[in-house]
Amino acid sequence: MNSFGFEIQKDNTIEYDKNDLSLAAFVLKHEPSLYNCIQCGSCSGSCPASAISSYQFRKMQLLMRRGEIKNLREDVAHCLLCGKCILVCPRGVNTRNVIRQIRIALNMN
Amino acid sequence: MISEGKKTLWNDYQKEIADDNYFYARSCIRQNFFPGAEKTFLKILKEELKKDVYDDPRHTTCTGIAYHSDVVSLETTMTVVARQFALMTERGYRNFVPSCITSFGIYTEIMELWEHHPEIEDKIRHLLFKATGREFKVPANLAHSSDIIYKYRNEIAGMSKFKLINKNTGAPLRVVEHIGCHYARMFPHKGIGGAEYPCVLSGLAETFGAEVIDYPERRACCGFGFRQYVIQANRGYSISCSKRKFESMAPYKPDLIITNCPGCPYFLDSWQYVISEMEGKTYGQKGQGIPVLTFEELSGLMMGYNPWDIGLQMHQIPVEPLLDKIGVEYQQDDKYCDAQGRTFGKPVIPEMIKIC
Amino acid sequence: MRALKKEVVIIGGGPAGLEAADSLNKLGHAVTILEKEERPGGKLSNWHKLFPDNVSADGILKQMIQKISGDIHLITNAKIRKISHEGKKYSVWFNEGQCIQAEAVLVAVGFDLFNASLKEEYGYGIYDNVITSAELESMFVNQKSLVTATGKTPGRVAFIHCVGSRDEKAGFRHCSSMCCVTGVKQAIEIKKRLPGTDVMMFYMDLRMHGRFYEDLYLEAQEKHHIQFIRGRLSESSENPDSSLLLKADDTLAGSPIKVRADMMVLLLGFVPTDFHKKMGEEFGVEIGSDGFFSPCDSHLDTNSAKTTGIFVAGACTGAKSLEYTLADARSASLKIHEFLLRSPSSNILN
Chain A
0 MNSFGFEIQK
10 DNTIEYDKND
20 LSLAAFVLKH
30 EPSLYNCIQC
40 GSCSGSCPAS
50 AISSYQFRKM
60 QLLMRRGEIK
70 NLREDVAHCL
80 LCGKCILVCP
90 RGVNTRNVIR
100 QIRIALNMN
Chain B
0 MISEGKKTLW
10 NDYQKEIADD
20 NYFYARSCIR
30 QNFFPGAEKT
40 FLKILKEELK
50 KDVYDDPRHT
60 TCTGIAYHSD
70 VVSLETTMTV
80 VARQFALMTE
90 RGYRNFVPSC
100 ITSFGIYTEI
110 MELWEHHPEI
120 EDKIRHLLFK
130 ATGREFKVPA
140 NLAHSSDIIY
150 KYRNEIAGMS
160 KFKLINKNTG
170 APLRVVEHIG
180 CHYARMFPHK
190 GIGGAEYPCV
200 LSGLAETFGA
210 EVIDYPERRA
220 CCGFGFRQYV
230 IQANRGYSIS
240 CSKRKFESMA
250 PYKPDLIITN
260 CPGCPYFLDS
270 WQYVISEMEG
280 KTYGQKGQGI
290 PVLTFEELSG
300 LMMGYNPWDI
310 GLQMHQIPVE
320 PLLDKIGVEY
330 QQDDKYCDAQ
340 GRTFGKPVIP
350 EMIKIC
Chain C
0 MRALKKEVVI
10 IGGGPAGLEA
20 ADSLNKLGHA
30 VTILEKEERP
40 GGKLSNWHKL
50 FPDNVSADGI
60 LKQMIQKISG
70 DIHLITNAKI
80 RKISHEGKKY
90 SVWFNEGQCI
100 QAEAVLVAVG
110 FDLFNASLKE
120 EYGYGIYDNV
130 ITSAELESMF
140 VNQKSLVTAT
150 GKTPGRVAFI
160 HCVGSRDEKA
170 GFRHCSSMCC
180 VTGVKQAIEI
190 KKRLPGTDVM
200 MFYMDLRMHG
210 RFYEDLYLEA
220 QEKHHIQFIR
230 GRLSESSENP
240 DSSLLLKADD
250 TLAGSPIKVR
260 ADMMVLLLGF
270 VPTDFHKKMG
280 EEFGVEIGSD
290 GFFSPCDSHL
300 DTNSAKTTGI
310 FVAGACTGAK
320 SLEYTLADAR
330 SASLKIHEFL
340 LRSPSSNILN
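So the protein lines, in turn, are chains A, B and C. FYI, numbering that gives the first Met the number 0 numbers position 59 of the first sequence as 58, with every residue one higher than the one before it. FYI, numbering that gives the first Met the number 0 numbers position 233 of the second sequence as 232, with every residue one higher than the one before it. FYI, numbering that gives the first Met the number 0 numbers position 272 of the third sequence as 271, with every residue one higher than the one before it.
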């Protein structure tokens, strides 16, 4: 292939209908309380890992549900499983089990 | 698609276009990209429609590219524009017709600005007079050259030798249109059909018998973006935008792309070749590209003008498959000959994209 | 105290007009309702079930219409031409030279729905599978099955919030406040009818402000797995199979998103009617910056217009739920009653 001194850029758009939603389906099946998330960000706001890394529980689960899963393995690896997020969640989402289910789905356990 | 719905909407976006006596302002880049387009416009207007058009050799760039690339200031741009208006005024014309969409946008914006801020207009009058001794009148009517062709589309189609119909199957050719961004986005009421569903090109193509396809990325910019193209390292921006459009239109199997802007046909044409070389991907049928024509080239072709006289050999994506579908006869041997019959050199045959 | 019997004209036979007529009648006044349509009921006639508790709109409307009796006189197909007054008497002219005289006029003309074709980039009236919230509600009312233009069950329906609301370019800065809950209610109704259909909501803020509205939101997520994408629809276009391609910014994901949908439902905002302007221009009733009527006092007297003898009630002073519209109508009735009592021409029989 020829080089012209510039690159064709990757499209950042979330192509929802082309993405793989099976991982999200697995997690939601095993932890349906995640359906109740209202994206308030209480989880990430109180998360010790979010303070020192790019990991945010809120954003991670949202991207997963859009099928954007390429950084998921790295993201969940940041979680300290401290459980503060489950304590602050106003909707009662079992955030720790969400992390656990993602780890199971990604064969991280 | 509910075509009646579009027609209802179009009623809200009809603009006034002068009948005759046009002062023509050429584009600064089109003469290099597709040199036959403007010549064809003038020929159709003068020889076929018998209109009075003045093509002033003294006129310059409107500075649009430099302005949008932050190289010149708005004040400079306005003064240059004022000079174009002065040339028009000196020749006794009041109807200004730019060939370029960016110029059309520049002229429209400046006229609007002056209307709301007469003090700025006064200042520019002063600056122009100080620099050149010239004075001017603001055009009574401003229309893009594609507006003029649209206005006379029925007359042109009436004189045409061809239609946008596949001569072998009798089916209408499938056309996608691409309108230059600065045609109607800033002022939807200055565009025929508005900004979301413009009919300046679709109306023309339908008059020639084509089926116009509305594809999801139709409204998207071709990616020219001025500074994004001017700097080589930034061209990835430009090509990525065009690629997004090709990916979106390809499933509709278009026979032709038509445009009304100087940059768009150049990029939509050339980037197909570059994408094929960079990624091995092509968007037309049988590994070919999708031919791209300007509205003037299309009109000239329909009128029966020799495709090599109107500059179609300057297109990166060969037009021959399109000519064959329409039934236009052409001499392959003359493709790279000038008016005197001298060969001016043939391009290298591309590796990836099929040329016929 | 025995009631005085005064004449009141109510312009508009929707929920506010009907409820006020009943209250005023119970307070002893004679009421004439002038309704522009063939039947009373206003927008409620095209409503299936009421949020948040799924009560039948038709049942409620029937109860309201049953109250039209005794000294409540209903005139339908009445097109208001002019209102004039001489001293304390108001004359409401309608149709061809017909006139009713009254001592007070209650304006209860409600609202219009935003004209969706003004949001050109959404393709209403141009793309095959774009419908409005009112059209969807009408499908529910008429027991029509929800199918695409080609007669197929939609695999995915996308609801678009704020169409004609919070949109200065479309002419309306205000939040219509009722569309969020309407959308969620309608989305749940679709899921109940078509459990296999994917439903998505494109919203900017979810304003579930009323009592139990938040419960509906939770039900939508928990039971029906309706997805909420925070981002206003930027534009839609039609795919080759006449489904739609939606482009928005998924603001909480921080990326643009493209979603295919078989149908799109536009949640139309509440906008002032033509009558608002007419009342403003011809009769001096004050209009707010949003185009709706402005009452005398925005806190202490929300039902009297600044023009003496003219009262306002219901959604004509801004978007309201049915619950608040009816409460407002009763409140206006009391204001009118007080006004008529104070009126020096009152002939109070003790």
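Derived from the structure by calculation, the hints contain no laboratory data. Ideal Cβ placement from N, Cα and C applies to all residues, glycine included. Take these hints with a grain of salt, some might be off.
[Claimed, not checked] Just a few of them, taken from the derived set where beta-carbon distance is under 7 Å, the chain A residues facing chain B:
(1) Asn1
(2) Phe3
(3) Gly4
(4) Phe5
(5) Glu6
(6) Gln100
(7) Ile103
(8) Leu105
Violated constraints from the hint list, given by number and in increasing order: Per hint list: 6, 7 and 8 violated.
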